[in-house]
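Start from the sequences, fold in the hints, and give me the full structure.
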Amino acid sequence: MSPEHKWILDFGCGNGAQTILLPETSHVLAADIDRADLLRLQGVLRENKIRHILPLQFDGDRLPVRSQSIDMAISFEVLEHVADESTALQELYRVLKPGGQLILSVPNKWWIFETHGAYLPLLPWNRVPFF
Numbered sequence: 770m771s772p773e774h775k776w777i778l779d780f781g782c783g784n785g786a787q788t789i790l791l792p793e794t795s796h797v798l799a800a801d802i803d804r805a806d807l808l809r810l811q812g813v814l815r816e817n818k819i820r821h822i823l824p825l826q827f828d829g830d831r832l833p834v835r836s837q838s839i840d841m842a843i844s845f846e847v848l849e850h851v852a853d854e855s856t857a858l859q860e861l862y863r864v865l866k867p868g869g870q871l872i873l874s875v876p877n878k879w880w881i882f883e884t885h886g887a888y889l890p891l892l893p894w895n896r897v898p899f900f
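Residue 796 in this note's numbering is what sits at position 27 of the sequence shown, and the numbering runs on without skipping anything.
If you're looking for bench data, these hints aren't it; they were derived computationally from the structure.
Backbone N, C-alpha and C fix where the C-beta goes; we use that ideal spot for every residue, glycine too.
Accuracy of the hints is not assured; some may be wrong.
Claimed, not checked - In silico EDC-like links for lysine to aspartate or glutamate, alpha-carbon gap of 16 Å or less: (1) Lys818 to Glu793; (2) Lys866 to Asp840; (3) Lys775 to Asp840; (4) Lys775 to Glu793.
Claimed, not checked - Pairwise CB distance ranges, derived in the manner of DEER restraints: (5) Ser855 to Pro876: 14 to 22 Å; (6) Asp803 to Ser874: 18 to 26 Å; (7) Gly812 to Ser836: 27 to 35 Å; (8) Thr794 to Thr856: 27 to 35 Å; (9) Pro792 to Glu846: 35 to 43 Å; (10) Phe827 to Ser874: 19 to 27 Å; (11) Lys818 to Gln859: 32 to 40 Å; (12) Glu793 to Ser855: 30 to 38 Å; (13) Lys866 to Glu816: 27 to 35 Å; (14) Gln870 to Arg815: 13 to 21 Å; (15) Arg809 to Ser874: 20 to 28 Å.
Here it is as structure tokens:
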């Protein structure tokens, strides 16, 4: 990651396992809808004296972030869990600065252990059908 990335948004950070790997030279907003995950992340940040990451709870629709204020947004294996992918992508576009970068990944439906298309009623995140 180049040094010009000063503000990074981790969209759907979960418990922050990947967030804490982001460089200390950046300011990181760790956004998620799950309060319990964010509280766990806060504990890890406090315990390890990590100060460049700010946990941020949001309602899943609109991020409490100024438009065009983020240099880079990342989102790993999250889009398949949101209610509306188009709305989520529009929101990421809204907060990115002109020329900002978006890095995201989604599951590979052909992976041998893929479960996103399986009928697993006990997993509330299982919403994206694969055909």
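Against the structure, the hints:
no.	hint	in the structure
1	Lys818 to Glu793	holds, 12 Å
2	Lys866 to Asp840	holds, 6 Å
3	Lys775 to Asp840	holds, 6 Å
4	Lys775 to Glu793	holds, 10 Å
5	Ser855 to Pro876: 14 to 22 Å	holds, 18 Å
6	Asp803 to Ser874: 18 to 26 Å	holds, 19 Å
7	Gly812 to Ser836: 27 to 35 Å	holds, 31 Å
8	Thr794 to Thr856: 27 to 35 Å	holds, 31 Å
9	Pro792 to Glu846: 35 to 43 Å	violated, 21 Å
10	Phe827 to Ser874: 19 to 27 Å	holds, 20 Å
11	Lys818 to Gln859: 32 to 40 Å	holds, 36 Å
12	Glu793 to Ser855: 30 to 38 Å	holds, 34 Å
13	Lys866 to Glu816: 27 to 35 Å	holds, 32 Å
14	Gln870 to Arg815: 13 to 21 Å	violated, 29 Å
15	Arg809 to Ser874: 20 to 28 Å	holds, 22 Å
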